[in-house]
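Protein sequences, first through last, are from chains H and V. So in this note's numbering, spot 255 of the first sequence is number 255, and the numbers just go up one at a time. So in this note's numbering, spot 377 of the second sequence is number 377, and the numbers just go up one at a time.
Please note that a few of the clues may not be correct.
[Claimed, not checked] Now the stretches of chain V that chain H is said to cover, found in silico as 3 or more residues with beta-carbon under 8 angstroms: (1) 313–322; (2) 344–355; (3) 640–647.
[Unchecked claim] Heads up, simulated SDA-like pairs for lysine to any residue below, C-alpha to C-alpha not over 25 angstroms straight-line: (4) K625/H to P194/H; (5) K353/V to I615/H; (6) K166/V to I615/H.
Quick caveat, the hints were computed from the structure, so don't treat them as lab data. Cβ atoms here follow ideal geometry from the backbone N, Cα and C, with glycine treated the same way.
2 protein chains.
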Amino acid sequence: MDLSALWTSAGINIAVCLILFSLYSILRKQPSHVTVYFGRRLSIGTRKINSLCLDRFVPSASWIVKAWKTTEEDILAIGGLDSVVFVRIIIFSLRIFSIATVTCVFIVLPVNYQGKVIGHKEIAYESLEVFTILNVQEGSKWLWTHCLALYIITSSACILLYFEYKSITKMRLAHVTGSPLNPSHFTLVVRAIPWSPEESYSDSVRNFFMKYHESSYLSHQMVYRSGKVQKLMSNAEKMCRILKDASIEQNHKPGLFHCGFCGAHGDSFKILSHESESVRGKSSLIDNGLGESKKKVCAAAFIFFKTRYAAVITSHVLHSSNPMLWVTQLAPEPHDVYWSNLWIPYGQLWIRKMATLLAAIAFMLVFLLPVTVVQGMTHANKLQQTLPFLKGPLEKKFIGQLLTGYLPSVVLIVAFYTVPPIMMLISSLEGSISRSGRKKSACFKILYFTIWNVFVMNVFTGTIIDQFSVFTKFDSVKGLPAQLASAIPAQAKFFMTYVLSSGWASLACELMQLYPLLCNSIRKYIFRMKDWAISTMSFPYHTEIPRLLLFGFIGFTCSILVPLILPFLLVYFTLAYFIYRNQIINVYITKYECGGHFWPLVHNTVIFSLVMMQIIALGVFGLKKSPISSGFTIPLVIFTILFNQYCRQRFHPVFKNHVAEILIDMDREDEKCGRTEEIYQQLHAAYCQSPSTSPDSSTAGSHHHEEDSIQDPENVMPGKEPGQVSPSWSIASTFGAPVPK
Amino acid sequence: MDLSALWTSAGINIAVCLILFSLYSILRKQPSHVTVYFGRRLSIGTRKINSLCLDRFVPSASWIVKAWKTTEEDILAIGGLDSVVFVRIIIFSLRIFSIATVTCVFIVLPVNYQGKVIGHKEIAYESLEVFTILNVQEGSKWLWTHCLALYIITSSACILLYFEYKSITKMRLAHVTGSPLNPSHFTLVVRAIPWSPEESYSDSVRNFFMKYHESSYLSHQMVYRSGKVQKLMSNAEKMCRILKDASIEQNHKPGLFHCGFCGAHGDSFKILSHESESVRGKSSLIDNGLGESKKKVCAAAFIFFKTRYAAVITSHVLHSSNPMLWVTQLAPEPHDVYWSNLWIPYGQLWIRKMATLLAAIAFMLVFLLPVTVVQGMTHANKLQQTLPFLKGPLEKKFIGQLLTGYLPSVVLIVAFYTVPPIMMLISSLEGSISRSGRKKSACFKILYFTIWNVFVMNVFTGTIIDQFSVFTKFDSVKGLPAQLASAIPAQAKFFMTYVLSSGWASLACELMQLYPLLCNSIRKYIFRMKDWAISTMSFPYHTEIPRLLLFGFIGFTCSILVPLILPFLLVYFTLAYFIYRNQIINVYITKYECGGHFWPLVHNTVIFSLVMMQIIALGVFGLKKSPISSGFTIPLVIFTILFNQYCRQRFHPVFKNHVAEILIDMDREDEKCGRTEEIYQQLHAAYCQSPSTSPDSSTAGSHHHEEDSIQDPENVMPGKEPGQVSPSWSIASTFGAPVPK
């Protein structure tokens with residue numbers, strides 16, 4: 001690949017981006033697409049629809065200005081702590097890659113270009129390799145510049161990371177103190193309640209906690225497993241609601257579909273749903289007995305405590321001499337509970353964890369296939385040899401460049417669209433009892449998956465195709481850095497086009513919200529439905545964080561080898577900054593929070609990237625026979641690892657545990673204000689699972705229930721979560737969770 | 001190596017063992033060696049010295065009978081839980097290797113011997129390889145026997161492991177409930193107390209715990225750092241005591257040395273020591289102020305709680321929003337405290353941990369040198385080539401056999417004698433605040449070290465000498481099992497001689513207590529001193545557990561490859577059973593306990609050994625082209641890992657945490673009995689560091705202090721711990737720790 005091919009690729013991408021951005025700025029002003037582009041603001045009712053005017057059809061950059069002007073406090077209020085953490089990732093990347101770009105473009109790039117290994121051509125046809133470390137001679141006395149760049153990047157990354165970690169820790173603590181009525185602080189989940197023939201689970205729980213934690217135990221609430229009939233009934237109810245909405249519309253405006261079944265304002269369904277509720281009311285009476293219905297009660301319960309501190313300390317305790325009984329953990333927030341996983345017997349969890357781990361690894365390995373195919377595409381001449389019928393098209397220059405420069409990344413992106421739903425499914429099966437825990441677990445899996453498949457396997461399958469003997473040459477572990485050092489510059493063009501296509505284009509797609517737009521358009525213009533179940537989604541952290549981190553990883557590892565990639569990355573992060581802020585403000589809602597738990601993952605990944613960068617640099621200095629630079633790099637590796645260890649000691653415990661000091665102070669504050677009774681009353685209602693157990697919170701409960709057990713929204717669409725919003729907010733606002741304004 | 005060489009080696013070892021056992025049975029009856037062989041019983045005063053009679057000079061097996069007859073309850077009473085765990089390791093090994101021996105000798109060995117790869121010679125000159133898997137043809141239809149043996153060994157090992165873990169967990173719980181007055185249950189160590197210019201550390205602690213844990217906080221006690229002067233004074237005091245003992249003796253009986261200095265019954269020293277105490281009394285007065293002496297107070301303290309449960313829950317809590325402040329952990333038992341590590345600032349700990357880890361790894365790698373030399377020795381012909389002057393002696397058959405069959409192991413053993421003290425030193429620097437924690441850490445390090453150096457490096461350096469090309473042949477990870485499978489049988493003779501020499505002979509040495517015997521003899525017969533500071537040692541678990549586990553590891557990995565090794569191992573474990581029981585009963589005392597913490601380590605190592613065995617078997621089946629056997633082995637690996645995961649879930653938490661249920665019941669029992677006041681009074685005295693802080697417990701305190709800070713006994717002698725005994729026991733008995741009878 002030469003410079004001109006790079007420009008072709010960059011040109012295509014810039015054009016695509018510009019078109020999509022303009023299109024977005026027009027589409028967002030159309031009232032018909034307001035549900036797609038202003039989902040969050042619609043859900044809280046602050047979006048007024050503009051009247052028809054010319055302005056609606058002129059592209060504008062107002063959204064960029066708005067995204068720029070929004071402060072961090074606003075983001076915190078709108079999207080919660082996780083959004084802020086997400087924005088901080090982008091800001092951190094912007095800062096560190098600005099420094100890296102300046103350092104590498106002005107110090108490293110000239111040294112690479114002045115090297116004499118590869119002959120220079122006319123600048124436009126200059127091979128990309130001329131700008132990489134491949135062009136520097138062995139034993140060059142200019143390699144100290146690479147070592148200096150390494151020092152600058154590592155030290156500024158560490159300084160930035162330290163301050164980010166510090167400020168996010170502070171935010172997390174403020175997040176805890178800022179939600180004084182959060183019911184999850186008072187609540188534990190206890191699982192694996194031992195079964196006894198004499199007493200019911202509920203009695204067991206009461207007796208156990210009254211015996212050992214009498215002073216702090218308040219009350220408890222069993223978890224019920226909804227049976228098949230209940231599921232069917234909920235399904236019917238849901239269908240009824242949807243059809244009712246539709247039928248109301250039908251009565252006003254004749255459309256394509258007219259459902260005679262729900263003619264009379266859906267009254268028949270109303271009767272049905274009332275009936276079903278009364279049936280459930282009866283079944284709850286039976287539940288209180290010890291008869292057949294005992295099967296429905298799970299060996300899990302929510303335990304409410306009188307103080308936050310009591311809940312936290314009880315969660316850490318080993319309750320029984322059989323550690324597989326009476327297992328406690330802090331409860332997730334009410335709308336974060338993943339009910340169907342609460343039904344899983346605790347004894348199954350360890351097997352599930354092992355099985356899902358194996359499944360994730362197996363999936364990673366199977367995925368090698370498309371990656372290998374993609375790698376074949378970047379080597380046009382090799383492709384010609386294996387598939388001779390492609391020889392004709394490939395000889396045409398433009399198609400050749402397109403095929404080698406652009407298509408491989410597109411194939412990868414398409415293949416990657418299958419990853420998030422599969423990983424999310426695996427994470428669901430893993431057994432996390434909170435939706436945020438599931439998302440975090442999926443985030444981990446997708447991150448490992450992405451780095452493994454995009455980076456490691458591309459580097460190595462690339463070199464296998466290039467030179468089959470590479471494994472036999474460097475077969476020991478010692479040879480690995482050298483192998484990486486020679487393989488990465490050779491793959492420079494792949495990484496560049498990956499940043500261009502996957503990076504830039506995926507941001508434009510994110511902005512355009514292609515899939516919801518398509519669905520919305522089909523509904524509007526083909527089925528002619530109006531406000532068909534507003535599917536506002538929560539932010540897909542589990543796909544977007546790994547993507548940002550992957551680009552960071554590519555940036556660090558390529559920085560001194562292929563400095564030309566850095567400006568493209570910088571553009572990527574700048575675009576990301578505006579687009580994601582815009583999306584947080586307008587599109588996504590916050591249904592549940594991880595409380596900043598993503599940051600330790602980000603921190604570790606950046607440290608890993610830095611260490612990889614240094615190890616690869618060691619390989620480079622080894623290959624280029626520069627022992628002095630190698631000698632200076634080794635202390636850097638040790639320093640980076642020590643820095644990570646320090647941060648793990650200094651900040652990480654706050655993310656794992658609640659701070660006793662703060663909780664005790666909050667408890668005392670409650671007592672002083674006389675809020676305790678109020679809190680106790682709300683606790684039970686907050687964790688209501690279904691109407692049958694507590695009629696007073698039926699609306700909220702049934703919605704949670706449905707969301708999780710029947711229509712699992714995160715499995716419906718890759719990486720996005722549609723879901724009902726409004727009812728959840730009533731509880732959230734009661735308990736002081738950040739409410740979008 | 002052929003069978004005759006094996007017999008030579010075995011013969012030498014059997015002879016050495018028999019001679020040493022006979023010698024032991026005579027020496028133990030001599031009154032002059034009673035301090036060496038009956039240290040424990042002397043220390044509790046139950047050993048009466050026999051009068052002179054002929055019986056004293058006749059070898060007998062009475063000690064074996066006694067060791068056999070002692071029940072597990074006796075062992076528990078004598079040596080505490082750790083001794084029982086140690087004996088259970090031996091019993092487990094005996095059981096599993098009985099099963100393995102029967103299986104492999106009757107099923108696998110005939111199959112190996114009937115193979116036709118290596119030509120048969122006369123039975124006496126039969127090469128050892130004939131009995132290994134090397135003799136089985138490729139694609140042999142008899143390989144199912146090896147697979148069957150694998151199944152029998154794995155399943156019986158898992159069943160035995162499960163029941164052992166279960167019973168040891170039960171014992172550990174009984175150990176907790178059985179010591180109702182244990183002060184460590186009520187006590188926390190708090191470190192990293194923040195320094196403030198307004199108030200002293202002691203006030204900070206009191207204010208902090210009174211503020212946040214008012215209901216459960218009882219009192220606290222600061223940790224003081226003894227200065228140089230104090231150290232010198234303690235040294236002087238100690239010398240004085242020793243010389244006084246000596247001088248008393250001198251006055252009764254004229255000897256070689258007469259120290260005029262301590263003539264008048266050491267009165268001058270008595271005065272000096274009284275003086276020193278009065279000086280310290282004054283300094284304690286100054287300590288209470290805030291003047292210069294503040295430097296001596298460390299940022300660490302013991303916090304006493306009113307109940308056990310309060311102490312346990314407070315230990316888990318994250319106290320401050322800066323996790324590097326107010327760090328709490330449960331206190332070790334009073335005589336288990338490693339005072340000088342309490343002085344280390346908490347902020348240093350993470351660096352120390354990293355540094356000691358690096359140091360341990362570096363030591364492991366440096367140690368490769370002697371191992372490579374040893375490996376060279378087992379290849380006589382290669383040795384001849386490199387060191388031509390050895391050619392003459394090597395051609396003499398007996399010397400050749402000795403050199404190749406016996407010497408390598410002796411060299412290894414000698415080199416290994418340097419390992420325990422070095423690892424102990426590294427573990428001390430690591431910063432564990434309990435002596436048992438330090439020992440456990442050293443045990444881990446020595447275990448990794450032993451397995452790495454003896455097994456892995458022997459196998460691979462052996463094959464490197466044999467065939468330099470092996471690494472290039474099997475260079476991927478996939479090839480590793482095959483490589484192991486071919487390397488281990490080739491090293492059969494090394495492992496056999498290692499079991500014979502290192503195993504059997506080291507047991508005999510352990511029984512003979514060569515080093516203390518030598519010291520004692522020199523004192524008695526050359527310096528003519530009597531009862532010169534009885535140096536009773538605590539059991540060197542950190543050297544003996546890794547040794548047992550290493551032999552278990554060798555046994556498992558060699559079982560189906562080299563079944564001939566199993567009978568030798570069985571003899572080893574039988575001898576170990578009698579000898580270690582004898583030593584526990586007679587020689588070693590229990591100064592502190594790990595509370596069965598060694599068992600999880602043992603369990604994990606056995607699981608690791610089993611998995612290694614299976615992976616090596618996979619390699620064998622691959623080499624021998626038996627896909628069916630391979631297919632049957634893979635589920636076995638998965639089953640073993642799942643079993644381990646289950647045990648980790650089911651039993652391990654009990655070893656990490658105290659069970660709340662039990663502690664609360666104990667607290668209530670105390671209240672019922674009205675013991676609480678009594679316990680509170682004893683708490684402060686139990687953790688007294690030096691006489692200057694609490695005069696009423698000066699004796700006990702000063703002894704602990706000396707033991708740790710000045711004469712660190714575990715560094716004095718490789719793997720053994722001399723120390724003063726009697727004063728410690730007074731506290732132990734007060735607090736109900738198992739006291740030897």
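Taking the hints in turn, this is what the structure says about them:
Counting residues of the region 313–322 of chain V whose beta-carbon sits less than 8 angstroms from any beta-carbon of chain H gives 9, enough to reach three: the coverage restraint holds. Look at the region 344–355 of chain V against chain H: 3 of its residues bring a Cβ nearer than 8 angstroms to a Cβ of that chain, three or more, so the hint holds. Look at the region 640–647 of chain V against chain H: 4 of its residues bring a Cβ nearer than 8 angstroms to a Cβ of that chain, three or more, so the hint holds. A C-alpha spacing of about 66 angstroms is found between K625/H and P194/H, which places the hinted pair above 25 angstroms, so the restraint is violated.
Taking the CA atoms of K353/V and I615/H, the gap is near 23 angstroms; set against the 25 angstroms cutoff, the hint holds. Distance restraint check for K166/V and I615/H: the Cα-Cα separation of roughly 46 angstroms exceeds the 25 angstroms cut-off, and the hinted pair is therefore not satisfied.
Checked against the numbered hints above, the structure breaks hints 4 and 6 and satisfies the rest.
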